[in-house]
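Asker: Please build the complete structure, drawing on both the sequences and the hints.
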Amino acid sequence: MSGEGYSNIVEVGPGMGVLTQYLLTKDFITHVIELDRESVSYLQAEYPQLSQRIYSADFLKLNIETITDQPFALIGNFPYNISSQILFKALDYKDQIPEIVGMFQKEVAERIASSPGNKKYGIISVLVQAYYNIEYLFTVDEDVFDPPPKVKSGVIRLNRNDKKKLDCNEKFFKQVVKQAFSQRRKTLRNALKPLIGKSGFNDPKLELRAERLSVKDFVYLTNQLERIQI
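Just so we're aligned: 73 in our numbering is position 73 of the sequence shown, and the numbers increase by one with no gaps anywhere.
With a straight-line cut-off of 20 Å between C-alpha atoms, the simulated EDC-like cross-links for lysine to aspartate or glutamate are:
#1 Lys-152 - Glu-110
#2 Lys-174 - Glu-226
#3 Lys-150 - Glu-107
#4 Lys-174 - Asp-95
#5 Lys-174 - Glu-211
#6 Lys-94 - Glu-170
#7 Lys-205 - Asp-217
#8 Lys-61 - Asp-36
#9 Lys-26 - Glu-4
#10 Lys-152 - Glu-142
#11 Lys-171 - Glu-226
#12 Lys-174 - Asp-217
#13 Lys-106 - Glu-142
#14 Lys-171 - Asp-217
#15 Lys-178 - Asp-203
#16 Lys-164 - Asp-92
#17 Lys-216 - Asp-162
#18 Lys-120 - Glu-110
#19 Lys-164 - Glu-4
#20 Lys-106 - Asp-146
#21 Lys-164 - Asp-95
#22 Lys-106 - Asp-141
#23 Lys-193 - Asp-217
#24 Lys-198 - Glu-226
#25 Lys-89 - Glu-170
#26 Lys-120 - Glu-107
#27 Lys-165 - Asp-92
#28 Lys-178 - Glu-207
#29 Lys-193 - Glu-211
#30 Lys-178 - Glu-110
#31 Lys-152 - Glu-107
#32 Lys-216 - Glu-226
#33 Lys-94 - Asp-69
#34 Lys-119 - Glu-107
#35 Lys-165 - Asp-217
If you are wondering where the hints come from, they were derived from the structure by calculation, not from laboratory data.
Answerer: So this is what it looks like as structure tokens:
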């Protein structure tokens with residue numbers, strides 16, 4: 001963690017504090033969010049220095065502003081079943097979160113970090129890379145955990161880029177990206193039919209599949225398609 005632009009850290013899903021104990025040795029104000037009551041009780045007993053900064057809550061339902069209104073890094077060994085939702089929620093607070101470091105199921109981590117042209121490149125790749133620069137740090141084998149999961153894990157770092165906002169309607173951008181990948185084996189001309197309608201809109205990019213387009217390409221298409229919406 002760089003510590004650049006923030007002094008607060010929010011850890012999601014600390015469990016029994018394996019990562020928390022390391023964070024507490026650093027010069028940050030650490031907050032932890034844990035849903036499991038047994039883990040919360042353990043953290044309260046084991047780390048009294050966290051004081052009032054242990055939150056027994058569901059991160060996905062939590063109003064982050066009740067924890068801090070300051071910039072913070074989001075960190076965690078994210079629960080695999082909600083890791084994508086955690087990241088999508090983080091996007092809602094992107095201007096408050098300059099850095100994210102998280103462990104995901106390896107396949108998900110690779111998907112988030114993949115580049116245009118890669119078969120793993122998809123909706124989450126585009127929506128996250130629109131606002132963050134992503135680095136795949138390392139892979140974690142199954143036998144590191146007890147009990148071991150059935151899949152490998154991957155740790156990635158996301159650093160906020162310099163885009164305060166996209167050069168397009170951001171809500172419509174999401175719609176375009178999701179529609180484009182809804183039929184990823186088809187060209188965009190077919191996948192985007194619900195948005196193109198009978199407008200006669202034509203563009204060379206429509207001959208490509210969604211996985212070939214960069215964030216910049218999707219911004220361009222969003223602006224073009226918005227002009228023909230009724």
